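Take a look at the letters that make up each chain.
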Amino acid sequence: MRRMVIARLAWTVAILLGVSFVAFMLVRALPGDFVQTSAGAQNVASDVLEAARRELGLDRPLLEQYLIWLGNAVRGDFGYSFVTRQPVVGEILPRFVVTFQLTLIAGLIAMAMGVATGLASARLRGRADWIVRLYNGFILAVPNFVVATLIVLVVGLYFPQIAIFNYTPFFTDPLANIGGLLLPALSLALAVSVTISENTRAAVLEVSGQDFVMVARAKGLLPRTVLANYLMRNALTPIVTVTGLQVATLLGGSILVETIFAIPGMGQYLFDSITSRDYPVIQAIVLLASAVVVIVNMFVDIAYARIDARAQS
Amino acid sequence: MLKRTQTIATATDETADACALSRRSLLRLGLTGGAMLMGMPAFAAGDGKDGAPVAGGTLTIGADADPIGLDPTVVTAFSSADFIALIYSGLLRWNAKMEIEPDLAVSYEMPDEKTYIFKLRQGVKFHNGQDFTAEDVKYTFDRILDPATASHLRAQYSTVTAVTVVDPYTVKFELESADAAFLNYLATADDGAIVPKGVENLMTDPVGTGPFIFGSYQPNQQFTLNANPDYYEEGLPLLSTVVFRFYKDQSTLSSALRSKAIDMTWLKDPKVAALMSRTSPQLVSAPGQTSRTFPIWMNLKAAPFDDVRVRRALSLATDREACVQTVLSGSGKVGAMLPESHVGGYDGTGEMPYYKHDPEAAKKLLAEAGYPDGIDLGEYIVVAANALDVACAQILQQQWQAAGITVKLMPMETAPLLNHWSSGTWPTLLSVALSWTPDADAIFQYLVSDSKFGKAVGVSDDKLDAMIAEARSEVDTEKRAARNMEIQKHIAENAYILQVYQYPLRWEIWWDSIKGYEPLAANVRSFVRTAWRDE
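Sequence order for the protein chains is A and B.
Under my numbering, the first residue of the first sequence carries the number 4, and numbering increases by one thereafter.
Under my numbering, the first residue of the second sequence carries the number 96, and numbering increases by one thereafter.
Rather than coming from a laboratory, the hints here were simulated on the basis of the structure.
As the structure is a computational prediction, the values presented were derived from the model and not from experiment.
Ideal placement from N, C-alpha and C gives every residue a C-beta, glycine not left out.
There's no promise every hint is true.
Reference excerpt, derived from the structure (chain B facing chain A, CB under 7 Å, subset only) [what the hints assert, rightly or not]:
hint : residue
1    : 163
2    : 229
3    : 245
4    : 341
5    : 529
6    : 547
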């Protein structure tokens, strides 16, 4: 067990190192850089632009730039945002909290919807199963930004009394804050709920065919008790695992959903930073998001190993 | 109040005369003795109906872009100017009619065309308490001209050879040659802003002599300015605080204005501004003078645009007036190289070569150039993030189709588009709007043969280069206007660039509880210093 945890940790570090390198190079491979983008259409002389690049260290060879960044990052210094000239960490943290909140709400919605539809489809079978699976297939094929745009459109046209673009900070008004995040969270949750629904259905079907369920029924236990104590408890392990793995989908989706709903979270910030070519910010967000995904996966793996003896070997 | 208003009106008239008279003889820019107090020029227009101005209160402005640094000498970002304009002041400034008036200087003399001697205002203090003197002026310009500073302003002041302190309140500028752009640059917010000698870190801790003192800044959220109690204009500023709140997209910006979360903003789309002021009559929408043009940059370095007939055909196939009507709902004008806010700027109605919409003539020219069956010009690259640009490009695509010219629209992300544009690597057609610059010369520089953009476009015209150089050295405003008009005609004649329309940089809009404010074509909100809340 300990060896497995250590091996996992080593893998995590290696993966993050790889991610940071790829992200670093990819962002710089994009045409146009920060200096040029911030000058915009102004006629700024080339030597002035060069001087600005020198000041930001953008004139050095790429590998050298990366090693400098890595050296600082290891010591916890993720540099300064080109745009705001503030430390990147301080810029990202408040936004990370917003995204965390959004993905948490989206995760809860997805869980509730997914488990409910999956369970209904597995238990009721017949027409209910057919409808749920058709719905799942359809929603899975619709990207979250389409759902988000449709929500904005429908609410904007038919329910103008609902303010869609009014993000309120949690500490200003907690209720308004959560209320404002519901619609964005819904558009983020739909696709995830489908994955959870399908997995719940499969898990429940698999468990319900097992001998101990038959024994429980034969003992004359109430169907409610069988469902809660035998079926769900055993089906829950794969469901939780799948939900954990969907963190990546939620984080990725937040980029577009936050941009569409004007929520000042990490996703919107990433979008803005890519547009303005704010390299240190892009780098830090990509790294933070990958770290979240990798660490959640690591915990899922370890938890799985603890539960299931087969995975320990 | 009335008496004071009259004094000011006279002072402003004198200023106007002085500017019109720019000659080498001794000149006085208005202001001596009592009139030096200059107070509240915005009220000179006679805002008596608004009642007496009230001091105090907070003005909340919705902004769409964060400042990227606040040191006027070093910043290159367009978005910083709006903030710098309220914190710093320069020797001269623009009034609402885009004429130059004195600011930190009270007067100047020109012993000859190449020498300017400025008398400075006494008793002005920087926000850190330091006295403003000629030393600061010298320091500011020495710093700009020092190549080590890498200031983008160095190119604009390239004619300045020496700045000398004559006495603590007199400073002398010596120029290499007569330069009509010089005073315009001095009057512009970040270009002419005076920084205090010996103060570091202006990028994040700005210190100026302007009406407002830097308070605090939370990136992407809020930027706060407080009134400068020692500001030299008596009684100004009236507001005690100015808060900028940042909203990245136009829809949140306009809903913030509607819900009165902000008092004032500027919008990019004239249709939205018009709709808002129609539905809420208490919203004042004043676009101000046009200051921005929407051009099509052609790649002249290769076929087919190396042939002037193809370029002229494209110009003839373009119905500019239709673009003004459909894209801007009429709140703009047909454009040439210079917007109307410049010396000799085009007013949108005068004759320009190859401006008359004539698809048949375009077809004939194309046939002459060897394309009797029409021509496919390939990709037309536009800024995807700018809805107006994309809308206009779509209309142009249809108009050109009627003359047998086919293009494929290619909306592109801003960063790679700017990269294509400044390095001259776009295939055939590309549009980037040109914003207001302090002087007409800066706009012409985009087409000078050996300049960065001249090379990118592929213009090579010795005659044009000479015309542009001569216009910059013409200090007589009227003569310069005539020369600038000639240059624009020459550009249109050769169709080096296709200018479609001109429009205000942004459509400013504010609630009518804010009085004493006027929009300025110069891309800054200078008149926040005279604004006040009527509540």
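(request) Kindly indicate which numbered hints from before are broken by the structure, ordering the numbers from low to high. (result) 2, 4
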